[in-house]
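Colleague: Sequence:
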Amino acid sequence: MTILLNSLEARDTAFVLHPYTNASQHLKDGPLVIAKGEGIYIIDSDGNKYIEGLGGLFCASLGFSEQRLVDAATRQMQELPFYHSFGGKSHETAIELAERLIRLAPVPMSKVFFANSGSEANDTALKLVWYYHNAIGKPEKKKVISRWRAYHGVTIASASLTGLPNNHRDFDLPIDRVLHTDCPEYYRYGLPGETEEEFATRCAVSLEDLILAEGPDTIGAFFAEPLMASGGCIVPPPTYYEKIQTILRKYDILLIADEVICGFGRLGTMFGSESFGLQPDMIAMAKQLSAAYQPISALMVNEKVHAAIVAESEKIGTFGHGFTYSGHPVATAVALETLKIYEERDIVGHVQQVAPLFQRRLHALGEHPLVGNARGRGLIGTLELVRNKETKEPFNPADGIAIHAGKQAQAHGVVTRALGDNYSLCPPLIITEAQINDMFDRSERALDDTYTWARTNNLY
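First residue of the sequence shown? That's 2 in the working numbering, and the numbers climb one at a time after it.
Do not rely on the hints blindly, as some may be mistaken.
In silico lysine-lysine, DSBU-like type, Cα no more than 35 Å apart, as pairs [to be verified]:
no., residue 1, residue 2
1, K90, K112
2, K128, K144
3, K29, K90
4, K139, K90
5, K244, K112
6, K112, K251
7, K90, K341
Derived DEER-like restraints, expressed as beta-carbon distance ranges [claimed, not checked]:
no., residue 1, residue 2, range
8, P20, A365, 45 to 55 Å
9, D173, S66, 14 to 24 Å
10, T240, Q26, 42 to 52 Å
11, R76, K316, 33 to 43 Å
12, E434, A412, 35 to 45 Å
13, D253, N458, 47 to 57 Å
14, A399, N49, 22 to 32 Å
15, P140, R101, 41 to 51 Å
What the hints contain is simulated information worked out from the structure, not anything from laboratory work.
Even for Gly, the Cβ is constructed at its ideal location relative to N, Cα and C.
Please put together the full structure from these sequences, using the hints given.
Modeller: In structure tokens:
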């Protein structure tokens, strides 16, 4: 039987299963088909132009038309379009990229393992936690702790680390040995009269209580995003990580920093770990590693972890982990060129220059009647939408307030994404001050329209 479909939209709904999409609603609404990109802008198949307010998915750091990255991919495709890294094989761009990443690391690191996505990098980190403790003779030290509202990916293991209900519901997750502790969002979880530092202390005490309840000899690692982006741009309170790391050291627990979103300039430092004083044993990275022009991720491990891998490989005869496309030549060539651009154009310095305006405009919208809290750092931020600013009462999830705000933003020429009741912005790092003002002007009009819609529909 031949199916005749006359538009991209119809063909999409007929054949494509979309990630993170209401599959039922999509059959009715269809897709927004993107045809082209220019700088921080994307253009749909009807010619409408939008500011990409979420940098794709927190990843398109250099925008959508960086010719140097296109050229890097083309050159590599012509010279060596594919080779693997199994069995001691290698190639120049993977070697050079690993060397450069080790030099950039915020704390001393030993080796780089390449994968294809943030999920795979975090999945690998979890496997290495188990592998490491087997190697050092502590086979019971296998439980790992993440946090509620964390986001670490969508594989079975990394989705278990993720602390968002919709990533667990009906997928039969989380798996055994993955635990979650308190989310460090002061606005939502701080007690009346409690200071931010007191809240940080309470979070740390809660973590230690969990460790003691489970048994310190059974806890192998703690996973943390420096700033929890997908969970609602949660900026941990002062002294939080200092207190958390003291506890981890006390009980000999590895720290894995998930830098998939924070890494490569997003917070105004090369890595988010620098912003918050983290001293991780492993660092996962992806997204802005290649400015999203190629799928690639990496996991850096320190010498303590690497030495255990070497010892266990001697016993077993191999390090039995890896992916076909680990260190793919085209992906590593593009990532390498991306890092060169960051250095040559001082992208981190640019973020430091324009971020104060971004944060001023963000926090000014905290006064909007729809917004309960504005929070962020560097070039990432969110507006938490609430029914009552005084009591912090949230909207009913069925109201879809952030989804509607996202639709209004799109109507005003800004593409973003509803994350719970949060209106989030995370634009390409190359954004200018004029473009920041334009993005926030459009976002404010979108919030005004959403507020009118909410009142008209008696959501207040």
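Colleague: All hints, please: hold or fail.
Modeller: Tested hints:
Annotation: proposed proximity of K90 to K112 holds, straight-line Cα distance about 16 Å (limit 35 Å). Annotation: proposed proximity of K128 to K144 holds, straight-line Cα distance about 11 Å (limit 35 Å). Taken as a hint, the K29 and K90 pair is broken in the structure, with Cα atoms around 49 Å apart against an allowance of 35 Å. Pair hint K139 plus K90 holds up; C-alpha atoms about 32 Å apart against a cutoff of 35 Å.
At most 35 Å may separate the alpha-carbon atoms for a hinted pair to count; K244 and K112 meet this at roughly 28 Å. Under the criterion of a C-alpha separation no larger than 35 Å, the hint pairing K112 with K251 is consistent with the structure, at around 26 Å. For a cut-off of 35 Å, the pair hint linking K90 to K341 stands: about 25 Å separates their Cα positions. Taken as a hint, the range 45 to 55 Å is violated for the pair P20 and A365, whose Cβ atoms sit roughly 33 Å apart.
Restraint check, D173 to S66: a C-beta distance of roughly 42 Å breaks the suggested window 14 to 24 Å. Our hint of 42 to 52 Å for T240 and Q26 holds, since their Cβ atoms are close to 43 Å apart. Distance hint check: the CB atoms of R76 and K316 are about 41 Å apart, consistent with the given range 33 to 43 Å. The supplied range of 35 to 45 Å is broken by E434 and A412, whose beta-carbon atoms lie about 24 Å from each other.
Between D253 and N458 the CB atoms are about 54 Å apart, so this pair conforms to the stated range of 47 to 57 Å. Distance hint check for A399 and N49: the Cβ-Cβ separation is about 29 Å, which falls inside the suggested range of 22 to 32 Å. At roughly 36 Å, the beta-carbon separation of P140 and R101 lies outside the given 41 to 51 Å, and the hint is violated.
The structure is inconsistent with the numbered hints 3, 8, 9, 12, 15, although it conforms to all the rest.
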